[in-house]
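Chains A and B, in that order, give the protein sequences.
Per the numbering used here, the first sequence runs over residues 1 to 285.
Per the numbering used here, the second sequence runs over residues 1 to 168.
Wrong hints could be hidden among the right ones.
As the list claims (entries may be wrong) - One-sided excerpt, in silico: chain A residues whose CB lies under 7 angstroms from chain B:
#	residue
1	A21
2	S40
3	K93
4	H94
Unchecked claim - Coverage of chain B stretches by chain A, computed from C-beta distances (three or more under 8 angstroms per stretch; other residues unrestricted):
#	region
5	31–44
6	50–62
7	158–167
Stated by the list, open to error - Stretch-level coverage of chain A by chain B, calculated; a stretch enters the list once three of its residues show a Cβ under 8 angstroms from a Cβ in chain B:
#	region
8	5–11
9	138–150
10	181–192
11	197–211
Calculated from the structure, these hints are not laboratory results.
For each residue, glycine too, the CB sits at the ideal point set by N, CA and C.
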Amino acid sequence: MTEYKMFEGCTIGNRIPFIEAASRKVFEKIGVETSQAPFSCCPDPTGMKSFDNDAWLAIGARNICLAEAEGKPIISLCNGCANTLRGVRHQLKHDNIKKDKINAQLAKIGKNFKGTVEIKHFVDVIKENLNKVQGAITKQLSDLKIACHPGCHYMRPAEWMESDDPLHPKNLKEIVAATGATVVDYGEESLCCGSAVSGAYPDYGDEILKKKLLSVSKAGADVICVNCPACFQQFDTKQKDLNKKFNTNFDIPVLYITEILALAMGISSEDIGLKFHRIRLKKEM
Amino acid sequence: MATDFEFRKQVMDYHVSSELIKYCYQCNRCTDNCPVSDVTIDFYSQGGYNPRSNILNALLGYKDAIFGADKLAIWGCTVCDTCDEVCPQHIELTEIFSFLKNVSTAKGNAPENIYAQAKAIFENAKAIPSQAAIERRRQQMGIPAVAAPDVNEIQTLFKNMGTDKKLK
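Next comes chain B alone, as it looks inside the complex (with noise of 0.2 angstroms):
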């Protein structure tokens, strides 16, 4: 397994905080609380998601170890933040997962879910767009119609920050 030094310092850089991963002992409570290692990793600790794993591999700049493997590697993390809550270490657990995810579907390997909801905002400037249906009930409710968001400022951000280019 070859370290990659310019992705681990991209690791370490990612927030203001991002560098007390180094600080990790593996002392596995991250995994203890997951949620969804709980009903992915068998009693031998084999297979599933495992945030632990993942924050040793980042902080090793072990690249090919999170990007080569199995999606969920990644995008198992339901965004729970309960790692975040139990780090003895105070480690931002999520916002790493964040960046690693960020990396991911750069290179065109994010769930499709993911590429779908940037495509409605990015259509919408809403990740769900009004309906006509939606719209009646909410008249027949008495309360007002949603103010329209301004599509065309949504799509500049996108477009000046080359996020449009990720969209599939």
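Just chain A, with the same shape it has in the complex (with noise of 0.2 angstroms):
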């Protein structure tokens, strides 16, 4: 049995450890055995890479290195932190250069960068351990219509992502599909949450996930289900603040992947922390 690296990230791990707590109890009802390093940021690709690539590069790497010290794969819980560690890998990996550069940064901490670890996201490794998913669950969500958004980064760019079709995602409905509930399509599905451009320009952020909630409301959904932390962020606390500034009436329940399949698999929303959601789940599962 693998053993992974448990790479939970800063938003998860230190903002809304719910999501982490569901998909603990997830991975251990399908085998998916985790232990801890001392990992940093990432770091964020949308902040540090934007900030300095240098350094984003060097403390990505950083990170690898713990991983490839005890030879175990990491796990990725974020959108964000299995494209920093993926995307660190391949630009060293096709670039001597930059890689002797970084490496000669990384000597003076005692580490070296060999690029041999394996850098999964969860979904990823659900996906491969369908069957098992299947096996667990207990309680069909048939009456559940779900509107999947796997997130940019989850499957951008595909060059190093190499996780699903950049453009017409399925991984995620494939897995919600497991659980008996209805996938709904959307026109919108792989437009961006707008959570990156916020930052600087919260009015352009505003307008994009405006766009993407019309789109997922026309299509008759229940819930949304994310597998990235910076988008649950942005559609579970910003639906209430697009009300009041679009005259719209959003409220749809966001949820994790983690968080439906622990449902379906009869783990009580007491013990995943559903009440820390800002949007409350209304149909009784």
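Two chains, two separate frames, one set of hints: put the complex together.
Listed below in structure tokens is the structure:
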């Protein structure tokens, strides 16, 4: 059995840990083993990479070194972290000059990047174990209509994420369908949630989110399913603000795919802290 | 508009594949598919965030057109990587935009949230530092405490690479 190094990331670990709780419970049910390592920030592919690409490479490579020291693959609970770690490895693998430059820096803290360990987004690990997921499901979620939002960095750039079709993603839908829920298609499935641009230009982030939510509402979804903490926060915390700003009435609960799976596996909503969501789930499951 | 050949070379050399930029024929698929262009550019293609213009200016070495314009010209990018996927010439646009952002940051012109995050990482090794209330919540939910990262190692990397000098 493969043991993964758990990369929960800053947002899940230090802000919305209930998502980690649900994920750990689901991993346990399907036999995915994890252990911890003292990882730093991945760092953020939309923030720190924009600040200084070389520092982003060095800090990211240092994280990969920690997993390499144990010879274990990394499992990331977050699109951003998976995108950074895979992106760092991609840049260093294809550019020896950069790799030597970064390794010269890492040598000063007693590390050396080789690029030998696998870096996995947790959705891909779940998909590989879909049979076990199906086996662990005790409760069919047949009366739920779910809109899937895998988020940009899960599948783009396809060049180094190598996870799904970059513009017509299907993995998350397949996993949701395994719970018996109805997957609803909507027009803006591959549209960004608007989170990254919101830091500098909140109004533009809001406009993008509004477009996304209008499309989800039109499709008649009860729930939005996500697999990224940045998208989760964007959807869960901003619907009320949008309603005030645009005179809309968005009120769509947002669930992490591992929360949906946990509920389908018979784990109680209390055990996974669903009460910490801003928008509560309406239907009893 | 003057061409800055040094800047043009930096763009071409930024990544192993960034010289692909020279195959851009300005088809506008990037801008047509950009979610930020969609909410900022009007019907007559005026104003707003425009990835196609950034590529043209970078290719021609029009440094002043990029860095002399409103910050939105660079920082309107939401890093969704959609342009990379729709580009018929396989140009990795987002990587080139990342380079433009790095230059803008070094000039002290990045948005405040960019400096704030880098500072948080420098000080805590995490973009979001640990808080007592969340630590208690983790404990209540029966999940282990986050393994504390080595802040000294992160600060050593920052200092040796001169990254700390770019902080505000």
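Verification of the hints:
1. A21: holds (4 angstroms)
2. S40: holds (4 angstroms)
3. K93: Violated, because the Cβ-Cβ distance from K93/A to chain B comes to roughly 10 angstroms (cut-off 7 angstroms).
4. H94: holds (5 angstroms)
5. 31–44: holds (count 5)
6. 50–62: It is violated, with 0 qualifying residues against the three required.
7. 158–167: It holds, with 5 qualifying residues against the three required.
8. 5–11: Satisfied; 3 residues make the cut.
9. 138–150: n = 0 at 8 angstroms, threshold three: violated.
10. 181–192: holds (count 3)
11. 197–211: holds (count 9)
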